[in-house]
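Chains as they are written, first to last, in my numbering: chain A, 1 to 367; chain B, 1 to 298; chain C, 1 to 315.
Worth flagging that the hints you see were computed from the coordinates, not collected in a lab. None of the values given here were measured: they were computed from a predicted structure. Accuracy of the hints is not assured; some may be wrong.
Claimed, not checked - With a Cα cut of at most 27 Å, we get these calculated DSS-like pairs of lysine-lysine: (1) B/206 to A/281; (2) C/201 to C/221; (3) C/81 to C/201; (4) A/108 to A/131; (5) A/154 to A/179; (6) A/168 to A/112; (7) B/206 to B/187; (8) A/168 to A/102; (9) A/279 to B/187; (10) B/206 to A/131; (11) C/120 to C/221; (12) C/66 to C/123; (13) A/300 to A/279; (14) A/154 to A/8; (15) B/187 to A/300; (16) B/187 to A/154; (17) A/112 to A/178; (18) C/311 to B/187; (19) B/187 to A/21; (20) A/105 to B/206; (21) A/178 to B/206; (22) B/206 to A/8; (23) C/66 to C/81; (24) A/21 to B/206; (25) A/281 to B/187; (26) A/105 to A/131.
As the list claims (entries may be wrong) - Partial list, derived from the structure: chain C residues whose beta carbon lies under 10 Å from chain B: (27) 119; (28) 199; (29) 203; (30) 206; (31) 246; (32) 275; (33) 278; (34) 282.
We put the CB at the ideal spot given by N, CA and C, even for glycine.
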Amino acid sequence: MAEVSVRKVVKEYEGGVQAVKGIDLDIADHEFVVLVGPSGCGKSTTLRMIAGLEEITSGEIWIGGDVVNDVPPRDRDIAMVFQNYALYPHMSVFDNMAFGLKLRKFPKDEIKRRVDDAARILDIVPLLDRKPRALSGGQRQRVAMGRAIVRNPKVFLFDEPLSNLDAKLRVQMRTEIKKVHQAIPTTTVYVTHDQIEAMTLADRVVVMNGGVIEQVGTPQQLYHNPATRFVAGFIGSPAMNFLPCRVQDGANGGLAVRITDSIIVPIPPARADRYGAYKGKEMVLGIRPEHLFEHHDQGKPGWTRVDLPVDVVEPMGMETMVHFFVDGSPVCARIDPATHAAPGEMLPLTADLNQMHLMLPDTGRVV
Amino acid sequence: MSASVADRRNAIAAKRGNSLRNQRLWALWGSYIALGIFVVMFLVPPFYTLMTSLKSSAEISAQVGSPWLVRHPTLENFWYLITYPNFQRYYLNSVIVTILTVSVSMVISVLAAFSLSRMGFWGSQTLSTSVFLTYLVPPSLLFIPLFQIIGQLGLINNFWCLVILYPTLAVPFCTWIMIGYFSSIPKELDEAALIDGAGYLQMLWKIFIPVAMPGIIAATIFAFTVSWGAFLYPLAYLYTSNQMVLTVGIISDLIRGDVFQWGKIMAACLLASLPPIVIYAFLMDYYVAGLTAGATKG
Amino acid sequence: MADGTNVPVGGLAAASPKGRKTAMQKFAQRRSTTGFLLCLPLILLVACFVVYPAFYAIYLSMLNKKMTAFVGLGNFQFLLKRHTFQLVIFQSCLFAITAVVLKALLGFTLAHLMHNIPGKNQKIWRGLLLVPWVIPLALSTLTWWWMFDPSYSAFNWVLNQFGFANVPWLGVGWIARFCTIAVNVWYGTPFFMIMYLAALKSVPEQLYEASAIDGANAVQKLFFVTLPMMRNIISITVLFSLITTFADFDIVRILTAGGPQDMTHVFATYAFQVGIQSGDIPLGAADSLFMFPILAFAAFFVLRGVTKRTKEIAA
Numbered sequence: 001m002a003e004v005s006v007r008k009v010v011k012e013y014e015g016g017v018q019a020v021k022g023i024d025l026d027i028a029d030h031e032f033v034v035l036v037g038p039s040g041c042g043k044s045t046t047l048r049m050i051a052g053l054e055e056i057t058s059g060e061i062w063i064g065g066d067v068v069n070d071v072p073p074r075d076r077d078i079a080m081v082f083q084n085y086a087l088y089p090h091m092s093v094f095d096n097m098a099f100g101l102k103l104r105k106f107p108k109d110e111i112k113r114r115v116d117d118a119a120r121i122l123d124i125v126p127l128l129d130r131k132p133r134a135l136s137g138g139q140r141q142r143v144a145m146g147r148a149i150v151r152n153p154k155v156f157l158f159d160e161p162l163s164n165l166d167a168k169l170r171v172q173m174r175t176e177i178k179k180v181h182q183a184i185p186t187t188t189v190y191v192t193h194d195q196i197e198a199m200t201l202a203d204r205v206v207v208m209n210g211g212v213i214e215q216v217g218t219p220q221q222l223y224h225n226p227a228t229r230f231v232a233g234f235i236g237s238p239a240m241n242f243l244p245c246r247v248q249d250g251a252n253g254g255l256a257v258r259i260t261d262s263i264i265v266p267i268p269p270a271r272a273d274r275y276g277a278y279k280g281k282e283m284v285l286g287i288r289p290e291h292l293f294e295h296h297d298q299g300k301p302g303w304t305r306v307d308l309p310v311d312v313v314e315p316m317g318m319e320t321m322v323h324f325f326v327d328g329s330p331v332c333a334r335i336d337p338a339t340h341a342a343p344g345e346m347l348p349l350t351a352d353l354n355q356m357h358l359m360l361p362d363t364g365r366v367v
Numbered sequence: 001m002s003a004s005v006a007d008r009r010n011a012i013a014a015k016r017g018n019s020l021r022n023q024r025l026w027a028l029w030g031s032y033i034a035l036g037i038f039v040v041m042f043l044v045p046p047f048y049t050l051m052t053s054l055k056s057s058a059e060i061s062a063q064v065g066s067p068w069l070v071r072h073p074t075l076e077n078f079w080y081l082i083t084y085p086n087f088q089r090y091y092l093n094s095v096i097v098t099i100l101t102v103s104v105s106m107v108i109s110v111l112a113a114f115s116l117s118r119m120g121f122w123g124s125q126t127l128s129t130s131v132f133l134t135y136l137v138p139p140s141l142l143f144i145p146l147f148q149i150i151g152q153l154g155l156i157n158n159f160w161c162l163v164i165l166y167p168t169l170a171v172p173f174c175t176w177i178m179i180g181y182f183s184s185i186p187k188e189l190d191e192a193a194l195i196d197g198a199g200y201l202q203m204l205w206k207i208f209i210p211v212a213m214p215g216i217i218a219a220t221i222f223a224f225t226v227s228w229g230a231f232l233y234p235l236a237y238l239y240t241s242n243q244m245v246l247t248v249g250i251i252s253d254l255i256r257g258d259v260f261q262w263g264k265i266m267a268a269c270l271l272a273s274l275p276p277i278v279i280y281a282f283l284m285d286y287y288v289a290g291l292t293a294g295a296t297k298g
Numbered sequence: 001m002a003d004g005t006n007v008p009v010g011g012l013a014a015a016s017p018k019g020r021k022t023a024m025q026k027f028a029q030r031r032s033t034t035g036f037l038l039c040l041p042l043i044l045l046v047a048c049f050v051v052y053p054a055f056y057a058i059y060l061s062m063l064n065k066k067m068t069a070f071v072g073l074g075n076f077q078f079l080l081k082r083h084t085f086q087l088v089i090f091q092s093c094l095f096a097i098t099a100v101v102l103k104a105l106l107g108f109t110l111a112h113l114m115h116n117i118p119g120k121n122q123k124i125w126r127g128l129l130l131v132p133w134v135i136p137l138a139l140s141t142l143t144w145w146w147m148f149d150p151s152y153s154a155f156n157w158v159l160n161q162f163g164f165a166n167v168p169w170l171g172v173g174w175i176a177r178f179c180t181i182a183v184n185v186w187y188g189t190p191f192f193m194i195m196y197l198a199a200l201k202s203v204p205e206q207l208y209e210a211s212a213i214d215g216a217n218a219v220q221k222l223f224f225v226t227l228p229m230m231r232n233i234i235s236i237t238v239l240f241s242l243i244t245t246f247a248d249f250d251i252v253r254i255l256t257a258g259g260p261q262d263m264t265h266v267f268a269t270y271a272f273q274v275g276i277q278s279g280d281i282p283l284g285a286a287d288s289l290f291m292f293p294i295l296a297f298a299a300f301f302v303l304r305g306v307t308k309r310t311k312e313i314a315a
C-alpha cells in the first residue's frame, strides 16, 4: 500500500512532441484515481510512466516514498491490467496468475494459496486449468485482474481495462472492479476515455487534455463545479450546451445574460457577486441538457422560462432528447417523455439557472 | 395479378439459382480434373523412383517391357544400402550435420530476431534489412571464395565445414520469419512480463518462444530442408566417402564411371528423401507457413 | 491546477536532471547493449561467411591462375571473349527467364484451381502438389536423369508406344536446354502455387462482392481486384525464384554437367568446373561474380516497387 506522486513530469518523444507537459498529481494511499480524457491526451503515457514502461523526460515519480524514476518496472512493486488483457496465451489461468510470483521465487504453497484466494475473490476458481483462448472476454478480464491481485502490489494500474468488452459486460465488470477495490483497497490508478466509467469508479477523477491536467476532483465536484470549459463539456452525457452570450444589467438591479435579442435570462442573485466583474463582456454560457426541462407554472428561484424552436426530437424511453438551434448553436434539452414537442414548433422550457456556468471565451476558464 | 407476378418471380429465381449452381458445379469439377492432371504430372518422378528402386539389377539391365512397371518387386536394393557401410556413413553424417546446423541456426536466429523485433539499438533497422538481403544471396555466388576460406581453416574434406557454412543459408531466412512472428506478439505481453518481473532472457524463453512456437517450428523445418538437401557445398568441399553427406554420397558412390546402379540409386534417393517427406507429412501446415511467411511478412 | 494537486517542488527536482539523465541513458544503453549482444552471433556469421567472402571473391577474381600475380580485370576480359562463357550468359538468362515465367503461369493457374475447391479438400491436393518441392532437388534430379536415360528412357518408351522415334533428351543442345528448364519448372511450380494461394486467400471477400455488384465479370475481377491485390507477393515470389533459378547449380550439374558442347552451362556450374574441378580459382570467382550485378539489379527494382506499394497501401 502506498501513495503515488507525480511531480512536474514531462514526456517528450523523439522529434520534440510533448505527450505530457509537466503534470503534478498526488494520489493518497488506498485511493482510486481515474485518469480520463480523449485519446492522445497523455493519460496512458502518464500511467505507463508510473508503471516504468516509458522513460520520464523530466520530473519525478514517487511510489511509497521513493523516487522510482530509474527503477525498472519489476522492482516498482506495481501490477498492471492491460486493455487487451495481455494474458500469456500458452499458460493456463493458474500459471498466468502465478507467473509473477514464480519469477520472484515464492514458495510453491504460498503461490497456490495466493492464486486460490484471488480466484475465489474473482469467482474464477473453475477456470484455473483453462487456457486464455478458452475464456470469454469477461473471464479474461477477471484473470488479468487476478494476475494483478496475487502479487499484492503497492499500486494497481489499469489501462483502459474495459474497452474491449461489450457494453453490457462493461457495466458488470465496472461493478466488479469497484467491489474488488472495496475488498482489497490498494492504491489504484485507472485510465479510461469513458467518463461514465470514471465517474462511477473514482474517488477522484483527473481530467486530462492535450498533455495537461484540466482538473482533479471528486466526481461530484467535476459535475457541479467544472474548472474549465473542457471539463464541463467532457463530463456529462449528453454534453453541456455552450452558448455565446453577454453579461448585462437585468431587471430589479440584478444581472442578466443576453443570448439573443429575444432570449435574455436573469442571473440568480446568489451568483451576482461572482459574475459582476464580467458585466458587458462576451462570455460563454454553459448549461447541461438535464437543467433544461419542460416549462411548469410553479417555479423555483433561479428558474426561468425560455421558448425555443424544436429541431429534432429523439425519444429514448425514460426521457426524450430535444434538439434546438439558438443563433446557430445547437442546444439539447432532456425532457419528460410525455412531451408533445414536434419539429418546427416553439417549445416552452424552464432553464435551471442555479446550475448555469459562465466561462471566458478565450481561455475556457469557468468563472 | 399479384399472385402471377410472384409466380413469375419465383420461376426466375429458381432458374437463376439453378444456372448459378450448375456453373459452380462445372467450375468445381473442372478444377478437380485439371488438378488431377497436374498431380499425376508432378508425381511421375517420385513414382518412377519407387518403381525403379523395387527392381533388381537384372530386371533393369534386361530393358524389356514397360520401364514404368515392376515385374518382380524386390527389396534387395534397400537391403544392400542399409547394410552398406558407406551409405550408413553418409546417412549418419547427414544427420549429424543437420542436427548441428539446425541447432546453431535456430539459436542464432531466435536471439537475433528477438533483439531486432523488440530492442532497437543503433543500426538495428539496417541490420534487419541486411538480414533480408543476405537471404537473397544464393550459395553459388560465394562458393569459390568460401572454398579458399575453408581451405585456410583446414576444413576441406571435413563435414564440419558444412556446420559452419549451412547456417549462412538458413539463418537469414529463419531470422526474417522469426522477426515476423515475434513482431506479431502484442507489446503488452512483454510489458506484462516486465511488470511480472521477467528479465529479457526470461521473457524470450518463457513468453516469446512458447507463443511463437509455430514460427519456431516453421523456421526449424526450413533450416532442416536447407541442410538436408544442400548439394553444392558438400560437392565442392568434400571428397572422401567418410566425410560425405547423402546428396553427394549417393552420386559419387553409386555412379562409378559408366556403371549406373539405377536400382540402388533410386532406392538411395527414396531413403534420403524420407526424412523431409515424413516431416512434411506431419507438419505440412508449418511447412507451408514457413514458405509463405517470407513474402507475406516482407 | 485545481484541488491542491500542486506539490511544492524541492531543490532536488530542479537540481537532478543532469544526474538523472545519465541514469536513464544507462538504462537505455543497457537495453541496446543487450540487443546488440543478442545480434552478435548473426553479425559475426554474416560478416565472416557472407560479407568477407564477397570481398574476398573480388580480390580473388583479380589474380592469375596460380594466384601469384595481380591481373586486374584480366579474368573478366578473358571470360567475356570466350565462346563458352557467352553460351553460359545466354543459357543462364534463357534458363532463368523461361523457367520463372513458366513457373509463374503454372503456379498461378494451379493456385486458382485450388482456390476453387472447398477448403478441406484443398489440404490433400496441396499436400500432393507440394511433393516436388519437398524432395531434395539433387535427389529428384537424379530420377529425372534416369528418366531421360538414352538407353532405357522411360519417356522414350512412352513415345515409342505412340509410334514416335526416340528423342536424345540430354544429347542434343536445345533439347537438353529444354530438359533442364522442364525439371526446374517441375521443381519450382509448387512454390509459386503455394505463395499465390496464400495471396489469394488474403484478398478480402468483400472486394469481390463489391466488384460483383459494380458489374465486374470473372476476367475483370482477376485484372482489377486479384492481380493488383497480389502484386507485392507476386513480385517477391518472382524475385526469390529468379535468384534461385538464375543461380541454380543442382539441376544442370546432375542432369548434363554443362554438356552437350557446354550448351547448358549456367554461371554456377561453369564456375564449379573452372574453379573447383580445373583449379582456376580466380577464373571461377570472376565467373560467379558476373551473377552479382544481375541479381542486385533485379533485387533493387523489385524491392523498390514493393516498398513503394507498401507505402501506398499504408498511406
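Going through the hints against the structure:
Of the pairs offered as hints, the one joining residue 206 of chain B and residue 281 of chain A is violated, with about 65 Å between alpha carbons and a cut-off of 27 Å exceeded. In summary, the hint linking residue 201 of chain C to residue 221 of chain C is supported, as the alpha carbons are separated by about 15 Å, within the 27 Å threshold. Restraint check for residue 81 of chain C and residue 201 of chain C: the C-alpha separation of about 50 Å exceeds 27 Å, so the hint is violated. Annotation: proposed proximity of residue 108 of chain A to residue 131 of chain A holds, straight-line Cα distance about 20 Å (limit 27 Å).
At roughly 18 Å between alpha-carbon atoms, residue 154 of chain A and residue 179 of chain A fall within 27 Å of each other, so this suggested pair holds. This hinted pair does not check out: residue 168 of chain A and residue 112 of chain A have alpha carbons roughly 32 Å apart, beyond 27 Å. Restraint check for residue 206 of chain B and residue 187 of chain B: the C-alpha separation of about 15 Å stays at or below 27 Å, so the hint holds. For a cut-off of 27 Å, the pair hint linking residue 168 of chain A to residue 102 of chain A is broken: about 35 Å separates their Cα positions.
Taking the CA atoms of residue 279 of chain A and residue 187 of chain B, the gap is about 55 Å. The hint is violated against a cut of 27 Å. Of the pairs offered as hints, the one joining residue 206 of chain B and residue 131 of chain A holds, with about 16 Å between alpha carbons and a cut-off of 27 Å not exceeded. For the hint linking residue 120 of chain C to residue 221 of chain C, the alpha-carbon distance of about 25 Å falls within 27 Å, and the restraint holds. Restraint check: the Cα-Cα separation between residue 66 of chain C and residue 123 of chain C comes to about 56 Å, which exceeds 27 Å; the hinted pair is violated.
The suggested pairing of residue 300 of chain A with residue 279 of chain A holds, with an alpha-carbon distance near 25 Å, which does not exceed 27 Å. About 22 Å separates the Cα atoms of residue 154 of chain A and residue 8 of chain A, which keeps this hinted pair within 27 Å; it holds. With a C-alpha separation of about 57 Å, the suggested pairing of residue 187 of chain B with residue 300 of chain A is violated against the 27 Å cut-off. Taking the CA atoms of residue 187 of chain B and residue 154 of chain A, the gap is near 24 Å; set against the 27 Å cutoff, the hint holds.
Of the supplied pair hints, the one linking residue 112 of chain A and residue 178 of chain A holds, its CA atoms being roughly 25 Å apart against a limit of 27 Å. Only pairs whose Cα atoms come within 27 Å are accepted, and residue 311 of chain C paired with residue 187 of chain B is accepted, the gap being roughly 23 Å. Pair hint residue 187 of chain B plus residue 21 of chain A holds up; C-alpha atoms about 25 Å apart against a cutoff of 27 Å. Taking the CA atoms of residue 105 of chain A and residue 206 of chain B, the gap is about 15 Å. The hint holds against a cut of 27 Å.
For the hint pairing residue 178 of chain A with residue 206 of chain B, the CA-to-CA distance comes to about 33 Å; that exceeds 27 Å, so the pair is violated. Distance restraint check for residue 206 of chain B and residue 8 of chain A: the Cα-Cα separation of roughly 37 Å exceeds the 27 Å cut-off, and the hinted pair is therefore not satisfied. Proposed proximity of residue 66 of chain C and residue 81 of chain C is supported: the alpha carbons are some 21 Å apart, at most 27 Å. A C-alpha spacing of about 37 Å is found between residue 21 of chain A and residue 206 of chain B, which places the hinted pair above 27 Å, so the restraint is violated.
With a CA separation close to 52 Å, the supplied pair residue 281 of chain A and residue 187 of chain B exceeds the 27 Å bound. Among the hinted pairs, residue 105 of chain A with residue 131 of chain A is consistent with the structure: their alpha-carbon atoms are about 23 Å apart, no more than 27 Å. The closest approach between the C-beta of residue 119 of chain C and any C-beta of chain B is roughly 13 Å, which is over the 10 Å cut-off, so the hint fails. A hinted interface residue such as residue 199 of chain C counts as satisfied when its beta carbon comes closer than 10 Å to some beta carbon of chain B; here the least separation is about 8 Å, so the hint holds.
A hinted interface residue such as residue 203 of chain C counts as satisfied when its beta carbon comes closer than 10 Å to some beta carbon of chain B; here the least separation is about 12 Å, so the hint is violated. Look at residue 206 of chain C: its Cβ only gets to about 20 Å from chain B, farther than 10 Å, so that hint breaks. Because the closest C-beta pair between residue 246 of chain C and chain B is about 8 Å apart, less than 10 Å, the hint holds. Hint status for residue 275 of chain C: holds, given a least beta-carbon distance of 5 Å to chain B, under 10 Å.
Because the smallest distance between the Cβ of residue 278 of chain C and any Cβ of chain B comes to about 12 Å, over 10 Å, the interface hint for this residue is violated. Taking 10 Å as the C-beta contact cut-off toward chain B, the hint placing residue 282 of chain C at the interface holds, the least distance being around 9 Å.
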